[in-house]
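Let the hints inform the model, and build the full structure from the sequences given.
There are 2 protein chains.
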Amino acid sequence: MEAERTLRDEEATQLGDLAAQLRVDAIRCSTKAGSGHPTSSLSAADLMAVLISRHLRYDWVNPPNRANDHLIFSKGHASPLLYAILRAVGVVSEQELMETYRQLGSRLQGHPTPALPWVDVATGSLGQGLPVGVGIALAGQYLDRLPFHVWALCGDSEMAEGSIWEALDKAGHYGLRNLTAIVDVNRLGQRGPTELEWDLDTYRRRVEAFGCHPIVVDGHDLGAIDEAFDQARQATGPTVVLARTIKGKGVPDVENQPGWHGKPLKPDMAERAVQALGGVRQIRVNGPRPDPAPPVKVPAAQPPELPQYEKGAQVATRNAYGDALRALGSLPDVVALDGEVSDSTRADKFGEAYPDRFFEMFISEQQLVAAAVGLQVRGYRPFAATFAAFLSRAYDFIRMAAISQADIALSGSHAGVEIGPDGPSQMGLEDLAALRAVQGSTVLYPSDAVSCAALVAEMADREGIVYLRTTRGKYPVLYDNGDDFPIGGSKLLRGGKNDDVALLGAGVTVHNCLAAADELAHEGITARVIDLYSVKPLDRQRLLDAVRDTGGRLVVVEDHYPEGGLGSAVLESLADLAEPVRVNHLAVRGLPTSGTSAQLMDQAGIGVHAIVAAARALA
Amino acid sequence: MEAERTLRDEEATQLGDLAAQLRVDAIRCSTKAGSGHPTSSLSAADLMAVLISRHLRYDWVNPPNRANDHLIFSKGHASPLLYAILRAVGVVSEQELMETYRQLGSRLQGHPTPALPWVDVATGSLGQGLPVGVGIALAGQYLDRLPFHVWALCGDSEMAEGSIWEALDKAGHYGLRNLTAIVDVNRLGQRGPTELEWDLDTYRRRVEAFGCHPIVVDGHDLGAIDEAFDQARQATGPTVVLARTIKGKGVPDVENQPGWHGKPLKPDMAERAVQALGGVRQIRVNGPRPDPAPPVKVPAAQPPELPQYEKGAQVATRNAYGDALRALGSLPDVVALDGEVSDSTRADKFGEAYPDRFFEMFISEQQLVAAAVGLQVRGYRPFAATFAAFLSRAYDFIRMAAISQADIALSGSHAGVEIGPDGPSQMGLEDLAALRAVQGSTVLYPSDAVSCAALVAEMADREGIVYLRTTRGKYPVLYDNGDDFPIGGSKLLRGGKNDDVALLGAGVTVHNCLAAADELAHEGITARVIDLYSVKPLDRQRLLDAVRDTGGRLVVVEDHYPEGGLGSAVLESLADLAEPVRVNHLAVRGLPTSGTSAQLMDQAGIGVHAIVAAARALA
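So the sequence lines, in the order shown, correspond to chains A and B.
Number 246 in my numbering belongs to position 246 of the first sequence; there are no gaps in the numbering.
Number 277 in my numbering belongs to position 277 of the second sequence; there are no gaps in the numbering.
Where hints are given, some of them may not hold.
Since copy identity is lost for identical chains, a pair holds within one copy or between any two.
[Said to hold, decoys possible] Think about it this way: if two alpha-carbon atoms lie no more than 27 Å apart in a straight line, the pair counts; the simulated DSSO-like pairs of lysine-lysine are: (1) Lys263 to Lys474; (2) Lys474 to Lys32; (3) Lys497 to Lys297; (4) Lys266 to Lys497; (5) Lys266 to Lys297; (6) Lys311 to Lys32; (7) Lys266 to Lys474; (8) Lys311 to Lys497; (9) Lys311 to Lys474.
These are calculated hints, taken from the structure and not from any lab test.
Set out below in structure tokens:
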């Protein structure tokens, strides 16, 4: 762990003073706020003092500068340290730091969010910052081709998250020389010692085995840190600086003591600590700036030519996803990712046409979503696909992406019991509930190829988390090429003014509703059929019309468990209505098994006969 | 990769014949079904032939035998091979295999489920079988203290899942000498080559770095496999047999060919392959049986003495969770796990009282849930806890646990904006939606310590996935010790026959509803207050009464996003009602920030003033 001395004495003194300022500020702001994680900040103060003074190439007054390095606090709870940095570089005032940290309305939140223009993504759910960094680094190395570097400060506790190893694996696989993880190995987690404590050698062997270059360093030796970051920047592949540190470093009362995670120092203790650290300083750091980026050479965007389908032809919506995504490839900012199932999700159609903008994430759905988030940080428009069922693997990443206010498109294929013989493990039956509950999300579920392609095109411009649910099997094309399918809209497929009942479906159940309407017509029952392809936002006006015209007789049919899906969306939308509404809600109420699509839909009570019976009961 | 020859020629011939039979049966049943994964079965046939003939100690006619080894197909898509094994050991007939595989009503589903008594857990979402195996092995080594061995057959594609590394890390940490992962490194995933293809050396280094003993072997060399399994059984820690195999092995037309994942052979091709493999065989395997397990010495169960709380005292429900869990420790089958936040979830109270039955899973929520599933396979009653927000990390595991029909209790603490200054990354605001949508789940959200403790006690007997949501802050005890809180029930806290409006809350919002009812009383509006502590199942009768008595005027208030939570539960329950119901639904509609609990609840419109206004608007 001995490194050559690269720092002159004066430089070392300056860095030491800066580190002391960062510590003092982290202590002060958390004590003032009455909550926060000062000790987790103290351990990494020396690392960050060296980074921002000598390695991070960042134009602080112009955070959107394309040439800027990226700094991600994967250990988001060390926000006092991050905010102390922002004061040291002159973009956050002492007043803002001291008076607003963790207060209502402040951009200095308990864990970092992009409310701050220097923060790319929200962190605070451990093991996510580094995987997002992989996405940013992919953009830099393969798309932007700019020399910026991505630095992710990780905690040692989060090294127990599998997502960290998915990230390092992909960093190695893609040879991301522009990515450095800095692991603050301070030995103590929230409730006591971490699993590996200071076993740096095990960390080193793991990192190496996952294809990254480990650099073990004393995280309080400024010269050694400086040398390590130099090495990292010049490396030919991804690097991981494994820094042995002391939690609470600089405040002897709490150094290396358990029981001090997530606790501010008491005011008197804080005052003593600040004094011992030399008091409040007003150091202003002028770290390196990036070289100006060459002007952006954006290839001319051709308006996408969406695929055309013959009405009545049998086409799977997952195929339409692939066709439309390939068409969107004419927009140079569209990129696609897949979790090693692109021949099923049909993202392969894009991959074949645009191999340079397609990223294979193999079977690691957390990294799949994280990479998408990273790519959109750099201005790209990522479409990430896997089976609907397996997006559940990345649910925490999707949740956090929403807090990051990331704009990403997700496609979940093979949704519902419709998939048939593969059985319940492959069926997405809770995806509508889960994705609807994501803040600010959009949830789309087209019934045919034409509407699917149109919606895929709209996804490219939509803000937030946009989820598209596609179907495995082939179903007839219902709409004319060129029809409009605005997000938030719906389609009236059957019926007029004097309908007895309205059948509301989305995706595969729209076809069952149409067949049921035909059967009901034989019985003299006139059924309106509505395609609710936009599950969130939902077309409330269309529902109000249906309530008015049918006397409040609605059948909702979904290939999804009964909780939180299309039925709930309809009910939530009509909750405040004064007039009576009776909803007969058909959904998958038991645990499905293998079978054919038709058998399983019938068994679940979402097939044609069940819809007819439900409508009859209301009419 | 050269191993000593341990097999006599005759034994090798028998094993070769058995492997051929397994291949033939895997081909036949998938071709007959018209779907399935024969090539992924062929690669592992030699491994499994040796395992079941000479290593797996299993009493096939008595699958609940406590001494049995466990065999988990983590690569669940190789179900044709598993079912071919079941035929070979004599518990599934040729007729059942050939006529029912993947058919409606069959227990031989597309991916294995516990519909078969020899299957511990459902697999098919990759990277889950091994983590569950860790839980089973924990039970064997630390609780049962029985010499059974856990064998998990993994695919190479799933080695890209972070959860595999969480599992190996925990296997190493806990020194699970009774666990062996067998990795079928057949080089080809679904859509092409895997990330590491046949780079066995990288796998070896990764496994070693994660604390497990790698054994690299030619997966088609019967003697070498035999030797490897001998080593694995005798090892002093967890082992990983890394078997280099050929996908489609035994059928030259498809061997090592891409494009054959998840595809049955066409009938003529299958017939030729079966002939080339020697045709249909009727081999009956008699593998080793386990030594009889010693009689179970169950310590006498003392009825738990639930904690008592003084009415009006300020107690956080998360503390009540810890108190009640510690009380449940008197039942010897109750075990607890936590994701390195037990001082927050208060699972530490159990950990301190019963360290032998407490498993620290560190920051790896996927493994946390998987270990719980494994422990319940062995008959234990696991309670696993982390922050509500971070259970989202394990959502796919919870989804699969439901398909496994596992009985596990989950506790999510720090739910909602109520947590205050830590900010949105730490707030569980989609957990009710996500957990309600899990098949067969129970969702509980108590408002006070007494009801929380009572519900924790009931969780121990409840089937399926049982989720308890707890609150960070302290709130007054509302109920008397000894009150009943049946799952599916609710509590009427205020009101009688002639109420103007009903206020429905759960958890923290119950307290806001009570304060709102007081304010409304000053205005002459009589508000009924209902504590819907059982979010799923919901107390429909109580809702019907409220609708009847208030003329359908309901205010629902939840500390959760508007989609899929308590409001949806109420609406779903009342969907089919003929009489008009107007629901004013208060929920967290924007992206929250940091702040105090009260500020954030007010800002979200779920505080007292918002409830009063909502009730006033209805009354």
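Up to 27 Å CA-CA - Lys474 versus Lys266, copy category: between (65 Å within a copy, 21 Å between copies)
Evaluate Lys311 and Lys474 at a C-alpha cut-off of 27 Å and name the case that applies: within, between, both or neither. within (13 Å within a copy, 61 Å between copies)
Between copies, within a copy, both or neither: which fits Lys311 and Lys32 at Cα up to 27 Å? neither (66 Å within a copy, 34 Å between copies)
Within a copy, between copies, both or neither: which one fits Lys266 and Lys497 at a CA-CA cutoff of 27 Å? neither (70 Å within a copy, 52 Å between copies)
When Cα atoms must be at most 27 Å apart, do Lys311 and Lys497 count as within-copy, between-copy, both, or neither? within (26 Å within a copy, 58 Å between copies)
For Lys497 and Lys297, with the copy left unspecified, which applies at a CA distance of at most 27 Å: within, between, both, or neither? neither (55 Å within a copy, 73 Å between copies)
Please sort Lys263 with Lys474 into within, between, both or neither, judging by C-alpha distance up to 27 Å. Classified as between; 18 Å across copies, 57 Å inside a copy.
Homo-oligomer pair classification [Lys297, Lys266; C-alpha up to 27 Å]: neither (54 Å within a copy, 51 Å between copies)
Classify it for me, Lys474 with Lys32: is the Cα-Cα distance of at most 27 Å met within a copy, between copies, both or neither? between (61 Å within a copy, 22 Å between copies)
In summary, the numbered hints that this structure violates are 3, 4, 5, 6.
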